[in-house]
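Asks: The lines below spell out each chain.
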Amino acid sequence: MAREHLSNDEFFTQLTNLFEHNRTKGHGSVYLTQKRITHTADSDAPSPTKILDDPLWDTHPEHPLPILIRANNNKSSKREGTDRPGTDRDDHDRIKFTTVVQPDQLDAFYVRYADVCKTGMSALKKRDKKKKKKDRKKKKAGEVEKKS
Amino acid sequence: MPDSKSSAEWFEQSSLLLKARPSSTRITSKYTVLKPTASKIRKRQKFYENYPKTTSGPTGSPPPEAAVAAIAVTATFKLKTYDPVSGTCLKYQTTKAAEVGRLVGSLGKLGRHMAALPEVTEDISAPSEQPGTGVATPTVENDAKSGGPAAEQKTGGGGGKKKKKGKK
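Same order as they appear, the protein sequences are chains H and Y.
Take UniProt numbering: the last position of the first sequence gets the number 148, and nothing is skipped along the way.
Take UniProt numbering: the last position of the second sequence gets the number 168, and nothing is skipped along the way.
You may find that some hints are simply not true.
With a straight-line cut-off of 30 angstroms between C-alpha atoms, the simulated DSBU-like cross-links for lysine-lysine are [unchecked claim]:
#  : chain 1 : residue 1 : chain 2 : residue 2
1  : Y       : K5        : H       : K118
2  : Y       : K80       : Y       : K40
3  : H       : K35       : Y       : K78
4  : Y       : K40       : H       : K125
5  : Y       : K30       : H       : K25
6  : Y       : K46       : Y       : K91
7  : H       : K75       : Y       : K78
8  : H       : K25       : Y       : K96
9  : H       : K126      : Y       : K19
10 : Y       : K78       : H       : K78
11 : Y       : K96       : Y       : K43
12 : H       : K125      : Y       : K43
13 : Y       : K5        : H       : K78
14 : Y       : K96       : H       : K75
15 : Y       : K43       : H       : K35
16 : Y       : K35       : H       : K125
17 : Y       : K30       : H       : K78
18 : Y       : K46       : H       : K96
19 : Y       : K40       : H       : K75
20 : Y       : K40       : H       : K35
21 : H       : K125      : Y       : K5
22 : Y       : K30       : H       : K96
23 : H       : K96       : Y       : K43
24 : Y       : K80       : H       : K35
25 : H       : K35       : Y       : K46
26 : H       : K75       : Y       : K80
27 : H       : K25       : Y       : K46
28 : Y       : K46       : H       : K118
29 : Y       : K19       : H       : K75
30 : Y       : K19       : H       : K25
31 : Y       : K30       : H       : K35
32 : Y       : K46       : H       : K126
33 : H       : K125      : Y       : K96
34 : Y       : K19       : H       : K78
35 : H       : K78       : Y       : K40
36 : H       : K25       : Y       : K35
Please keep in mind that the hints were generated in silico from the structure rather than gathered at the bench.
The model shown is predicted, which means the values in this text are computed figures rather than measured ones.
With the hints as constraints, model all of the structure from the sequences given.
Replies: Printed below as a string of structure tokens:
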């Protein structure tokens, strides 16, 4: 692999930047992928005989395995020469970075991951507060009626 | 494969898939922000121009400018569990910001399956809020000692979780 994995800390700063980039652009997607790393430098791939002996070897590996987390967005282009509406976009290259989470850091990683995602995905619908307020008013009105 | 109706259903199916194929399954989450197309903007503008006429009441006309701005962007958060070997694909989609924290928490739980760590059965109350590193280290040792009992623990833990989910 030519590309280096980022450290977990660096990954989070980059991910925050990626969400911010998406927010300033006003549209676009952020992809986050997670999968197990089966082939690491210190543990080689299982031999074919081992797989034959136990076809379900991967359901109970000897040691916990690290996880690869990948984040990327899409390339966007100006779409020059087209008459289509919605051409108010700029040229952007694809942003892509990865990190490896060791099993013993998994829980701490996901706590931070959830925080970054929550703040990053700001365009999603917030909780509807108007309805609650209306309900409260109704309740209060009901109470007053009962008292009088 | 159609989208799962609830995130609990997606999580349950995904954890089963991960148990069966932990090495090849991957989970992709996609956060998308879409601007509406120009034709859609035009349609909405027309609608709000006619809006005060259709509702004949003094209170039935909200400010159209604000309403247009509120629905200008559609953002979605999609989760997809895919196993390329068996071709299984499980999806869930939401537009609510309130769900993100919980969903990423369940991504973490599924990440434990991927890492071949045993499930955390005790701190179900708020695993996404509290770092459970202290809990993780002893369980890792158990898993490293022997594969058999660890696998049994996993299935047992899964059953317990399902029951608790049902109660809620």
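Asks: Run every hint past the structure and note whether it holds.
Replies: Hints, one by one, checked against the model:
1. Y:K5 / H:K118: Distance of about 22 angstroms is within 30 angstroms: holds.
2. Y:K80 / Y:K40: Holds, at about 28 angstroms.
3. H:K35 / Y:K78: 17 angstroms, holds
4. Y:K40 / H:K125: 20 angstroms, holds
5. Y:K30 / H:K25: This hinted pair holds, its Cα atoms lying about 17 angstroms apart.
6. Y:K46 / Y:K91: 35 angstroms, violated
7. H:K75 / Y:K78: 19 angstroms, holds
8. H:K25 / Y:K96: Satisfied, since the Cα-Cα distance of roughly 21 angstroms is no more than 30 angstroms.
9. H:K126 / Y:K19: 34 angstroms, violated
10. Y:K78 / H:K78: 26 angstroms, holds
11. Y:K96 / Y:K43: Roughly 25 angstroms between the alpha carbons, so the hint for Y:K96 and Y:K43 holds.
12. H:K125 / Y:K43: The hint holds at about 22 angstroms.
13. Y:K5 / H:K78: 37 angstroms, violated
14. Y:K96 / H:K75: Distance ~26 angstroms between Y:K96 and H:K75 Cα, so the pair holds.
15. Y:K43 / H:K35: 43 angstroms, violated
16. Y:K35 / H:K125: This hinted pair holds, its Cα atoms lying about 15 angstroms apart.
17. Y:K30 / H:K78: Measuring from Cα to Cα gives roughly 23 angstroms; hence the hint holds.
18. Y:K46 / H:K96: It is violated: about 41 angstroms lies between the C-alpha atoms, which goes past 30 angstroms.
19. Y:K40 / H:K75: 25 angstroms, holds
20. Y:K40 / H:K35: Violated, because 38 angstroms separates the two Cα atoms, which is more than 30 angstroms.
21. H:K125 / Y:K5: 18 angstroms, holds
22. Y:K30 / H:K96: 14 angstroms, holds
23. H:K96 / Y:K43: Not satisfied, since the Cα-Cα distance of roughly 37 angstroms exceeds 30 angstroms.
24. Y:K80 / H:K35: 12 angstroms, holds
25. H:K35 / Y:K46: Violated, at roughly 47 angstroms.
26. H:K75 / Y:K80: 21 angstroms, holds
27. H:K25 / Y:K46: 27 angstroms, holds
28. Y:K46 / H:K118: 35 angstroms, violated
29. Y:K19 / H:K75: 35 angstroms, violated
30. Y:K19 / H:K25: 39 angstroms, violated
31. Y:K30 / H:K35: Given pair Y:K30, H:K35 holds - Cα atoms ~15 angstroms apart, limit 30 angstroms.
32. Y:K46 / H:K126: 27 angstroms, holds
33. H:K125 / Y:K96: With Cα atoms ~5 angstroms apart, H:K125 and Y:K96 stay inside 30 angstroms; holds.
34. Y:K19 / H:K78: 44 angstroms, violated
35. H:K78 / Y:K40: Answer holds: H:K78 to Y:K40 is near 21 angstroms, not above 30 angstroms.
36. H:K25 / Y:K35: The hint holds at about 11 angstroms.
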